[in-house]
Structure formats: C-alpha cells, structure tokens
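Residue numbers (our numbering), protein chains in the order written: chain A, 1 to 376; chain B, 1001 to 1234.
Warning: the hint list may mix true and false statements.
[Stated by the list, open to error] On the chain B side, residues computed to face chain A include the following (Cβ under 10 Å):
| id | residue |
| --- | --- |
| 1 | Asp1121 |
| 2 | Gln1129 |
| 3 | Met1131 |
| 4 | Val1142 |
| 5 | Pro1145 |
| 6 | Glu1146 |
| 7 | Leu1201 |
| 8 | Asn1220 |
| 9 | Ile1223 |
| 10 | Pro1224 |
[What the hints assert, rightly or not] Chain A stretches covered by chain B per the calculated footprint, using a threshold of three residues with CB under 8 Å from any CB of chain B:
| id | segment |
| --- | --- |
| 11 | 100 to 107 |
| 12 | 116 to 126 |
| 13 | 146 to 160 |
Bear in mind the hints are in silico, worked out from the structure with no lab data behind them.
Beta carbons: idealized from backbone N, C-alpha and C, even for Gly.
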Amino acid sequence: MNAAPRLSSLESAQPLSETRRDAVRIESLSKTYDPAAGPVLDDVSLSVRKGDIHGIIGRSGAGKSTLVRCLNGLVEPSSGRVFVSGRAITGLSGAPLRAARREIAMIFQHFSLLSSRTAAGNVALPLEVAGLSRREIRERVPKLLDLVGLRAKADSYPSELSGGQKQRVGIARALALDPKVLLSDEATSALDPETTEQILDLLKSINQRLGLTVVLITHEMDVVRRIAHAVTVLEAGRIAESGPTFETFAFPKSAVARSFLSSIVAHDLPPELAKTLRTEPGHDTDPVLRITFTGAGAHQPVVADLVERFGVRPNILHGRIDTIDNRALGVLAVVLEGGETLLEPIRTHLSSLGLSSEIIGYAVRPVAGRPRAAFS
Amino acid sequence: MLFGLLPAALGPLFLRSLGETATMVGASAVLSTLIGLPLGIALVVTAPGQFLERPALNRVVGTISNLVRSTPFIILMVAIIPFTRLVAGTSVGTTAAIVPLTIAIIPLYARLTEAAMREVDQSLIEAAQSMGATPFQIIRKVLLPEALPGIVAAQTVTLVSLIGYSAVAGTIGGGGLGDLGVRFGYQRFMPEVMLAVVVVLVAIVQSVQFLGDWTARTVNHRIPRKRRVARAHS
Ligand SMILES: Nc1ncnc2c1ncn2[C@@H]1O[C@H](COP(=O)(O)OP(=O)(O)O)[C@@H](O)[C@H]1O
Ligand SMILES: [Mg+2]
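Please build the complete structure, drawing on both the sequences and the hints.
What follows is the structure, encoded as structure tokens:
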C-alpha cells in the first residue's frame, strides 16, 4: 500500500522517549459532562504499546466511548492529557487538530457510512478530505477495497451490503490515510457471532500485516480474548485493572474483571454453588481449592496426580479450559475430600508444577445418599 | 379541447398569464433557494451541540424565520411594499411580485431543508470529523448529499406553495393565471376561463409533485435499488 502523504509536519513538543514506544498515552484524564451527574472519566491513565491491540472493556455507561473520543479530540477532556504517537491531542483545535485526526482512524458500531455514496465512494471520502487528486484516489480505492476483500462490491451502496460488508467498508475507509492508530468503538457489537469472528480476524491480520496499533472498545470479553494483546477494564469511569490479556484472564484482580470473565473463565463458582460453601472450616467440611492452570501446566494430569500422591479424593465442582492469546488457561474448583491436613503440601506441590491455587471456601460434607454438587 | 372552451381572443392572454406565473414562480424559486439553503444550513450547523455552534445567532435566525412564516402572505405582501419598491423600482407588476414571493418562501424553504439535514445521523458528522474534515467539507460532502432526498422534497413543497402564493400576488398586479381567473372568470362572469385556469394549475401542481417525488426517490440510496424499483412500479 502506498503511504498517504503526511499532510502536516506539525510536531508538537519533543516527544518523550517513553512516548516513542507508546502509540497512545493517556495521563490523568477526567471528563465531566454534567457536574450534577459526576465525572464520566475519573483520573484515567493508560499507555498503549505501539503495534498492540489494546482492548478496553466495560459495561454500558462506563465511559468507554467518551475515553476513545478523547483520543481523537471529538470530546474535549475536562482535565488530563492525551498523546497519540507522541503528539499532544488535548488542547488542539482547528487545522492542527484536523491534521492529527488524519493519523487516527476510527470505526463505529453502526458503521457510519454515507448512504449517498457507494462502497468505493465511502472509501474515497477521507482521501478527498485530505485533498488527494482524483487520479490518486482512483488508484488507491480499489487497493483498499482489496485489503478488506470487497473489491467486487465497489459500486454497491451501503443499503445493498450486509452488516459485515459494511464494516469492511468502514475498515477500508479507516485505513485510507494510512493511520498510526485505529480506534474501534464496539465495531462488532451490531454483528452476529460468525460475522464478528470474521471482522475480528480481519482486524488481527491488519494489525499483524501493517503493524497498526488498535484501541478496541468492547463490552464483550470474548472479543478481547480473540484478538487483544492487552486489556484495560473500565468501571464507572475508573480503571479497575489493566495488563496483558493472558495475565488478566488468568489472575483477574478486580471483581468487575472476574464478572466479565465468568462466561469465559470459571474464576468464580456459579452463584448457586457458591452459596453452599462456608467461609470458615468446620468439623463437617472439606476445603475447596481453585487451581489455575496456565501454559504448559494446563496439560498435566493434576487430578490423577493428587489422588496418587496424597490419597485425597478430589471432587470437581466446576471448571473450564480455554485458549487465550494462544496459551491454554484452565480453572478448576475441586473439593479435597479428606484433604484438610494435606492442604499445605498439596499447594506446595501444585506451585512446584507452576500452578497457582487458592482456597475459596469450605464445602459441607454431603449427608449420606445426597450428592454434593454436579460437574458443570 | 381545453382552449376550445375559451374565446379565441383570450388565447394569447392565457399564454401570457401562464408565462407570468412561470416567471414569478421560477424567479422566486431560484432566489429563495440561493438564500434559503444557506440559511437552512446555518440553522443546522449553528444549533447547540453542532460543529459550528452559535446559539445566539441560531435563535435570531430561527425567530426571524418564524415571524415571517407566521405572517399571512397577503399581509406580508402589503407590509413590505416599501422594500419591494426599493428592490424592484416599483411595487406592481410581475417583477415586483417576485420580491414578496421570495421573502415569504425563504423561511419555509430554510425550515424544510433544516429539517431534512437534521435527519442526517450525528454519527456521520462525527465520522467525517474523525477523518479531519473541515466544517465546509462536512457540509458539502456529508450534510447536503445525505439530506438530498429531503431537500428535493422541500423544493417540491416550496414550488407548490409558490404556485399558490403567485395566484395571490397576481391580484395586486403581478399578473399570472390566478389574476386571469379572477378578472375574467369572477369579475366578467366567464366560468369557462376560471375552469381552464384551475385545470391548468392543477396539472402544473401535479406535474411538479410527480417530478419531485420521482427525483427524491432517484437520489435516495437509503433503500436498496431493487426494492426502490419495485416500489416505484407498485
Ligand atoms: N455528549 C454527552 N453529554 C452528556 N453526557 C454524556 C455524553 N456522552 C456520554 N455521556 C454520559 O457519559 C456516560 C458514559 O457514556 P459513554 O462514554 O458513552 O459510555 P460507554 O461507551 O461505556 O457506554 C453515560 O452516563 C452517558 O450518559
Ligand atoms: Mg459506547
């Protein structure tokens, strides 16, 4: 792909050395729309590494759209600063802001294509806006449509395209000016699961081929799991936690992250099971251990091992194994029948295998004839 | 047939009246578009929260346009006679009638086009802004093309209204078909002239409406082409 002409050589203050590695840097960002309603973003600081796909996940109303709109100046923050590839965005207006925006592309939940233009016309829009000649535009548009596999639909209007095709046009349009950062605000939320997967695969391949940094807003952990290298969990305008995807999935620190993960990783027991556990050990209880399997450890015959080595009878309460960022991650909750006294040696043994474990409660021994819990 | 109804002597007079109506409607349509469209755009883009937000200006323009719009045309026509004389050099005749017609129709046209452009999804404007589009580019490449079907419909409504107003303007010396109908059909008891005038006016309005609807449909790409064709034939 040709490089789009950099329309502006505007360089704000010398980029700091650390901002050079970071495609996006957010410093103590706060935003209040309505003082009565309180801040929508509250002291958010965050860095996105160059070339990363960085997921930002949060519930509806958490402030995700506001945050991502601060990155291209569509929203003016109340305080704090934003740098995109070393250039300060906050405080820019007029021509310098427009020049900066040409390096920060955006794709939208509802595609935001002009109904009055064909697919090719929509992809041409940013090129026209940037002042490219007709000839250059004619040359570049088919290449961009090729990139998203939509050349055959060049002359179709958005009303004649499926949701997935529309988002492909949106992506081609976003790539038109060869941006440094791609912002995606719930770009797959209006799509069915199959189309979502295709669009995520496309974003992943674009990220790999072009080295484009992607900031990906979503409310679905599954989207993060599929393509994000790092993830930030936003709750009520604050960062609940932030880190590499795998670590966050394996060892979530915040309750909100755990609840987002509940459909993917079984960190917490289902509520009806959790209710039956006690918080303190008693004479009629057995400890419940949560074992987190990461990487190679996920493939070890741990349960059989515990039986053989310690003579306990692990009873599996709940568990699941998944692949995150190409690494296996499993979480297993087991009741160690007769394992009370062996807890420490068992945990030491597990940790020597590279598995982390945690006591999450105590299960009451079943009355004879009544099963304790079902495998789920 | 139609002209067979009329005494032969009235033929040329009828054609002249038709020409006068066409002049009044055509000229004021062009003028009101040239002035009304920028006003409509201004009403949209200066509204609170918009990309050229100017709330005070927006209120002033909106209020003036409402004032003009709520004044009955016949009163407006008389009230602005001094202005008409200033602009047209006279306050009677076809040319003079163009002034009150234009003044009366500008606010209607501005409001209708404003409504059409307000329909344009805010996210499209946001998308254009995120590409680094200037306000002028947003207006030219997003607002106007996306609102085009609505703007065409606004144009149709104003043309039809203008035809009606022009008949009123005719009675104060503007000439035209309305004037002919009143003078001959009513004052000289020639109902066949009145009938001919009404038939021709109805035919003109119908044609304008048909052409307007057809154009609006043709420029509307919000509905897939196949379905648009099917709908047009049903
Ligand atoms: N332009 C605005 N004016 C006033 N309040 C807003 C505006 N945009 C968003 N909000 C409020 O800010 C909060 C966060 O919104 P948003 O950033 O859209 O969250 P999310 O994208 O995570 O759902 C919501 O309570 C919303 O009502
Ligand atoms: Mg949102």
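Verification of the supplied hints:
1. Asp1121: Given a least distance of 7 Å, the restraint on Asp1121 (chain B) holds.
2. Gln1129: The hint holds - Gln1129 (chain B) has a Cβ within 10 Å of chain A, the shortest such distance being about 6 Å.
3. Met1131: 4 Å, holds
4. Val1142: 6 Å, holds
5. Pro1145: Check passed: Cβ of Pro1145 (chain B) comes within 4 Å of chain A, closer than 10 Å.
6. Glu1146: Given a least distance of 5 Å, the restraint on Glu1146 (chain B) holds.
7. Leu1201: Given a least distance of 34 Å, the restraint on Leu1201 (chain B) is violated.
8. Asn1220: 8 Å, holds
9. Ile1223: The hint holds - Ile1223 (chain B) has a Cβ within 10 Å of chain A, the shortest such distance being about 6 Å.
10. Pro1224: This interface hint holds because 5 Å falls under the 10 Å limit.
11. 100 to 107: holds (count 6)
12. 116 to 126: Satisfied; 4 residues make the cut.
13. 146 to 160: Per the Cβ count (4), the hint holds.
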